[in-house]
Amino acid sequence: MGNGEERRAITKNVEVIEKIEKKETMETREREEPQEDGMYRDMEDMEALERRRIQKRREHMLEMRRRKRRQEVLRSWTLLIAGGLVMAGLAVWGLARLVAEPGGEEGKTPGGENLQESAAGQEEQTGGISGAGPGKGREHVPPGKGNAAAENLSGENPSEEQGEQPSEDKPLTVPFTFRPRVTEHTVGFPEEGRGVYSTSGILIDVEAEEIIAGREPFRRINPASMTKILTLLVAAEHVTDLQDTFTMTVEITDYSYIHDCSTAGFSVGDVVTVEELMYGTILPSGADAALALAEYVAGSQEAFVELMNQKLEQLGLSDSAHFTNCVGLYDENHYCTVYDMALILKAASDNELCRKVLSARKYTTSIATEQQPEGILLSNLFLRRIEDKDTHGEVLCAKTGFVNQSGSCAASLAADYQGREYLCVTVGSISSWACIYDHVEIYQAFLPGRQE
1002 MGNGEERRAI TKNVEVIEKI EKKETMETRE REEPQEDGMY RDMEDMEALE
1052 RRRIQKRREH MLEMRRRKRR QEVLRSWTLL IAGGLVMAGL AVWGLARLVA
1102 EPGGEEGKTP GGENLQESAA GQEEQTGGIS GAGPGKGREH VPPGKGNAAA
1152 ENLSGENPSE EQGEQPSEDK PLTVPFTFRP RVTEHTVGFP EEGRGVYSTS
1202 GILIDVEAEE IIAGREPFRR INPASMTKIL TLLVAAEHVT DLQDTFTMTV
1252 EITDYSYIHD CSTAGFSVGD VVTVEELMYG TILPSGADAA LALAEYVAGS
1302 QEAFVELMNQ KLEQLGLSDS AHFTNCVGLY DENHYCTVYD MALILKAASD
1352 NELCRKVLSA RKYTTSIATE QQPEGILLSN LFLRRIEDKD THGEVLCAKT
1402 GFVNQSGSCA ASLAADYQGR EYLCVTVGSI SSWACIYDHV EIYQAFLPGR
1452 QE
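Be aware that the sequence shown starts at 1002, since it is given in the working numbering, and climbs by one per residue.
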């Protein structure tokens, strides 16, 4: 084979090889291109998915913001409506107070017009502090100055449900001679500033036997657990051994539970001393302790209540006060006035044992429980809560009470910085704390401050 043929053969072989390589390259591209396209498509899908997620998050955040704005608007409207209702309620309450209290239409303190006038020379022959308006006296209160003031302090004429007032010509001789009276200086409770929430109340200067201030002090009220002051007094006058014991019964605990009474925490079978029952009656206002005292002294609550009403007669209060139970449960025939309750507290504070119990802040019984293995701790919350308040002196004794019909009540005995004592009783406050601040307000307003 010549050189020409060899070159042609080589050229042909090269062309064949190039065709083969070209074909292989094309096939390789055909195989690789779909993979790259798929990869690109996957990346695009991921980006699209991420964009959708971001969009959803944005939409969710916008929805949350809209929802929050709606809640804020709703909350604002709720507060606005609630505030309006409260203001309307206060306005109605204030209007009712103005209508109910003498001098209210002119924005004066109760009885303000006549209470500021001199009562000299206005003493009536039949005298007495009236709880029933003009012409009707209270024989258990001796004649005194300021009957015009007394008329206004007593509020409106009592309704028929208050019963018949005592006859003016009916003599009443009682050994208890403490009879505070209205004078030309007697005024109504403060209205400006915080004011006094209680609907009925009285402040008495013990030494002078004068009513310093009041608000419807002769209106009939239910004394609630202030009743237990008389329960304590009657028991103290009949008990001879404070360490004698009483075994708590299921009837007593059931009575307390059924009537939803506050208790000292004694259980069936507990053997409790009479002294512990007295502290349990006053400090935590325990119905279980009061009922136990009643049974210990008289054999039953009914018999003990008879002793309580006998004591009211001895105090000269039977014409305006009558009790049906020793606990203070509401009953239309269980009533007195804040004036009466002040005198009951005075009689109790004159009794050494009662004064000791009524002045105790804390007391621990010998009865141990699982929760209190060292003994049941009893506390007088009124005394503990008021002791750091400025009362222009010190609150010495106190007993609280509450029933729906009377609101929060309290009776307290205080001394000013010179040791002069005062009685304060209030009824109809809106809460236990408001009741405490009513007493603080009254003492601050009328007791002399510290002398420099």
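No wet-lab data here; the hints were simulated from the structure. As the structure is a prediction and not an experimental result, all values here were calculated from the model. Errors might be hidden in some of the hints.
[As the list claims (entries may be wrong)] Under the rule of at most 27 Å between Cα atoms (straight-line distance), these lysine-lysine pairs were calculated in the BS3-like manner:
no. : residue 1 : residue 2
1   : Lys1347   : Lys1312
2   : Lys1020   : Lys1057
3   : Lys1023   : Lys1057
4   : Lys1357   : Lys1347
5   : Lys1347   : Lys1390
6   : Lys1357   : Lys1390
7   : Lys1363   : Lys1347
Results for each hint:
1. Lys1347 x Lys1312: Since the Cα atoms of lysine 1347 and lysine 1312 sit roughly 13 Å apart, the hinted pair holds (cutoff 27 Å).
2. Lys1020 x Lys1057: violated, 55 Å
3. Lys1023 x Lys1057: violated, 50 Å
4. Lys1357 x Lys1347: holds, 13 Å
5. Lys1347 x Lys1390: OK: lysine 1347 and lysine 1390 at ~23 Å, within 27 Å.
6. Lys1357 x Lys1390: Holds, at about 22 Å.
7. Lys1363 x Lys1347: Answer holds: lysine 1363 to lysine 1347 is near 22 Å, not above 27 Å.
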